[in-house]
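We have chain A already, so just place chain P on it with the hints.
Residue numbers (our numbering), protein chains in the order written: chain A, 44 to 513; chain P, 44 to 513.
Any copy, or any two copies together, can satisfy a pair, since identical chains are not distinguished.
Computed cross-link-like contacts, EDC-like style, restricted to lysine to aspartate or glutamate with a CA-CA straight-line distance of at most 16 Å: (1) LYS268 - ASP312; (2) LYS505 - ASP253; (3) LYS201 - ASP83; (4) LYS138 - ASP114; (5) LYS201 - ASP466; (6) LYS138 - ASP110; (7) LYS472 - ASP225.
Honestly, the hints are just simulated from the structure, not real lab data.
Protein chains: 2
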Amino acid sequence: MIPAGKTELGRFFEPQSIAVFGSMKEPQGEGITAMRNMRDFGFQGPLYPISRSRAEVLGTRAYPDLDAITDSVDLALVITPPPTVLPIVEQCGRKGIRAVIVATEGFAETGPDGVRLQRELVETAHRYGTRLLGPNTLGVLNTARGVVTGPYRLGGNKPPLGGISYCTQTGFLTFGVHPIRDLGLPISKICDFGNKCDINESDLLPYLADDPSTNVISMHLEDIKDGRRFLRAATYAAARKPVLILKPGRSEAGARAAASHTGSLAGDDLVYGSAFSQAGAIRLRTWREYWEIPKALSLQPLAKGNRIAIVTATGGAGVMLTDAAVEAGLVVAAFTPATRERLGVLSPRLANNPVDVGPLMSVRESPFTIYEEVVPAVLSDPNVDCLTIVCHFGQPIVHVLSGLVSRISEIGKPVTVFGYGLDLPDMQKAAREIESLELPAYLDLEMSVRALAAGAACFKVKTLLQDKGT
Amino acid sequence: MIPAGKTELGRFFEPQSIAVFGSMKEPQGEGITAMRNMRDFGFQGPLYPISRSRAEVLGTRAYPDLDAITDSVDLALVITPPPTVLPIVEQCGRKGIRAVIVATEGFAETGPDGVRLQRELVETAHRYGTRLLGPNTLGVLNTARGVVTGPYRLGGNKPPLGGISYCTQTGFLTFGVHPIRDLGLPISKICDFGNKCDINESDLLPYLADDPSTNVISMHLEDIKDGRRFLRAATYAAARKPVLILKPGRSEAGARAAASHTGSLAGDDLVYGSAFSQAGAIRLRTWREYWEIPKALSLQPLAKGNRIAIVTATGGAGVMLTDAAVEAGLVVAAFTPATRERLGVLSPRLANNPVDVGPLMSVRESPFTIYEEVVPAVLSDPNVDCLTIVCHFGQPIVHVLSGLVSRISEIGKPVTVFGYGLDLPDMQKAAREIESLELPAYLDLEMSVRALAAGAACFKVKTLLQDKGT
Chain A
44 MIPAGKTELG
54 RFFEPQSIAV
64 FGSMKEPQGE
74 GITAMRNMRD
84 FGFQGPLYPI
94 SRSRAEVLGT
104 RAYPDLDAIT
114 DSVDLALVIT
124 PPPTVLPIVE
134 QCGRKGIRAV
144 IVATEGFAET
154 GPDGVRLQRE
164 LVETAHRYGT
174 RLLGPNTLGV
184 LNTARGVVTG
194 PYRLGGNKPP
204 LGGISYCTQT
214 GFLTFGVHPI
224 RDLGLPISKI
234 CDFGNKCDIN
244 ESDLLPYLAD
254 DPSTNVISMH
264 LEDIKDGRRF
274 LRAATYAAAR
284 KPVLILKPGR
294 SEAGARAAAS
304 HTGSLAGDDL
314 VYGSAFSQAG
324 AIRLRTWREY
334 WEIPKALSLQ
344 PLAKGNRIAI
354 VTATGGAGVM
364 LTDAAVEAGL
374 VVAAFTPATR
384 ERLGVLSPRL
394 ANNPVDVGPL
404 MSVRESPFTI
414 YEEVVPAVLS
424 DPNVDCLTIV
434 CHFGQPIVHV
444 LSGLVSRISE
454 IGKPVTVFGY
464 GLDLPDMQKA
474 AREIESLELP
484 AYLDLEMSVR
494 ALAAGAACFK
504 VKTLLQDKGT
Chain P
44 MIPAGKTELG
54 RFFEPQSIAV
64 FGSMKEPQGE
74 GITAMRNMRD
84 FGFQGPLYPI
94 SRSRAEVLGT
104 RAYPDLDAIT
114 DSVDLALVIT
124 PPPTVLPIVE
134 QCGRKGIRAV
144 IVATEGFAET
154 GPDGVRLQRE
164 LVETAHRYGT
174 RLLGPNTLGV
184 LNTARGVVTG
194 PYRLGGNKPP
204 LGGISYCTQT
214 GFLTFGVHPI
224 RDLGLPISKI
234 CDFGNKCDIN
244 ESDLLPYLAD
254 DPSTNVISMH
264 LEDIKDGRRF
274 LRAATYAAAR
284 KPVLILKPGR
294 SEAGARAAAS
304 HTGSLAGDDL
314 VYGSAFSQAG
324 AIRLRTWREY
334 WEIPKALSLQ
344 PLAKGNRIAI
354 VTATGGAGVM
364 LTDAAVEAGL
374 VVAAFTPATR
384 ERLGVLSPRL
394 ANNPVDVGPL
404 MSVRESPFTI
414 YEEVVPAVLS
424 DPNVDCLTIV
434 CHFGQPIVHV
444 LSGLVSRISE
454 IGKPVTVFGY
464 GLDLPDMQKA
474 AREIESLELP
484 AYLDLEMSVR
494 ALAAGAACFK
504 VKTLLQDKGT
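Same shape as in the complex, but just chain A (with noise of 0.2 Å):
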């Protein structure tokens, strides 16, 4: 078996050896900062910083060009100004080293001459079997190695180790301009796409299905670069993991937006449409279903089926989730006769889906006590498919659910939980604390059962997928 590291993609997500190309000038040269990010990161692997002018850059030896470097290369990050890009992909390619990511700005996205200077780029990489990622791209980050290639401060964006992979064809959806860090978001892996001159979308589908860090996909993409093998790989990996896509440019006006931004020639967003759904992959709508759909289904199991149970402090958000919870293709689950008994014995008023815990609450030495009875009630019921708990977030449903998570996961169905509070900072110490846990923690309303639907449509897709042999 080829050893992570030096499969194509394998390159550039866990390289064992980065050479750097920019400025190394302090305080924020391209190159040296990125340096930087990969030291904060926690990147182990040797560093190559290519400079004629310094001898070291970070107390790391600084080499004048590829040919000093005795050891062999696994990626190069280049964020030089165009004209000098193509002389440096010609040498990396002479170097042996397979894997380039293009940061630079100023291709195919600036008109007829960069469209022309980007196909130059990829006939010379391929001359020598190196693969492209970029131009104009954020590259890469894999938490787990430290690997972080963005040409600008970082600032210790580091998030939380997990199962999700975002993919985009924008930095505005990467750890550049996203608080990943403070939102605890568990990731493994992101790739900017940037103009897509070589490596894609149908590059990464097959690449993170197939990687046992990643366990679900969230990609934007612009437009498909080639439609048949973007099939080919959403339907491979829509079969083994959860694979959710956000297409902006469905208007006209966003498809003219997406042109001028990237050079996409958008298409009819029905065509998309069909073509995502035929795939298996779960459609999103908002930049905040992006971020935040795929932590429930890398923290939690899909749903297996589109049943929901509701357990709120406040009858009001109940209604407001019931809403929610259809529109994204839930039903509410109806309870049986002896889950209705078993809540009942608590207080008659308990027996509905959504279970109002608020007057029993209220009434209670302990009222967060009354979570740990209802909760496995409720999720144990062979009617109900997955759950969303409803409460203030503080330091007591932690401890709550502290005590309940085993017995949860035991019952391997889905939960995510909704928080409201008054004071913002401890909300958010909240979330993360349940998160630490295991249980995704939303701050939306509406976002809380949205995911657990999304869940569901994925766990079906697969199974009819799987079912078809794919």
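Structure of chain P alone, referenced to chain A:
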């Protein structure tokens, strides 16, 4: 003219004096907690705690009953067990108190006995000309006066003073359950109708329509008490200021959940929808919209048309915002030749809408100065009705917007700002600083354009209703 505090509804929001019925036991008796909250929020008028066992509460003289108070009392807050409420309401009537908030739970929402007891409350109150709010309510907030009636600790969750008034049928959408202080929501008043035994939406709408401190109404309803009266009230209000309505129970399951929550008979959602649109109220869909859309309408003028411009530091966001704008009913403005020329001088790639200033920022010494040139050029284009600015949320943009804000307000068209970043606390701080300039700042992409769309829709119905002489 009757002073604000002496009108029927004014007594609830602008009382000079308040009597409090409820446990005065430390540490968390409901009565003493309500007293403490009012002190925290800065209520200045006399508070009369009613207690047979204590001579004083929080340094304030206590009274064994209402008869012991020699002055007149504008408002009574009642948070005592259900069986005690009826005699208290009777006492209030005899004392000449014309406004009573019954916070106590356990009435119509619990079944037939509760319904009967609740009816008796109303009959008794009305014999004395007393109006009731509740039962089963957190009551009211009036930021300007420090009036707040929550029976549990609010921890100083006092919002900045502003023009939004929220009305809701659930405590879940009030000061008691949302971090309105930390989110900096500019709030005039909040009213929780509770079970709506007496005062309901049709009372609040005309009151808030005529309230000079309110400039936008965001309302949550699970049902409507009297359809015809509501139509008149909502039309009256919508002709004067934006009326936004979140009506859950859209799905059949949601309607059933609402029935079990507040005893509401939700009825057919299509009927509600057409009533709202006939009245000129704008319908909201989500919890987040209820909280976040009003601030744009409160801080900024309403868009006089539906043509949006987008100025963004990242093309990827521009594409997504375009979709969201179109889906919310806006169109992407086509700039005049003069504007295109003005922008073209800066860079030929700037002449399109969305205006992607990213590439220009990366080559400037002070990247954010580009906004100083582009924003006024775009906003003053006669083909543009409103603008969303996309930028990194940090000190540089706060500085630039501080310099731009007087020019923006001179042009008189609404602007929202969507921000991103790597450090969540820093982003939240920048958002609050931007809002202190009266520019609504969003950390949710789609919401920044949906808010402008809601404003444009409100302007349109307001104009139509005023033309009809409503």
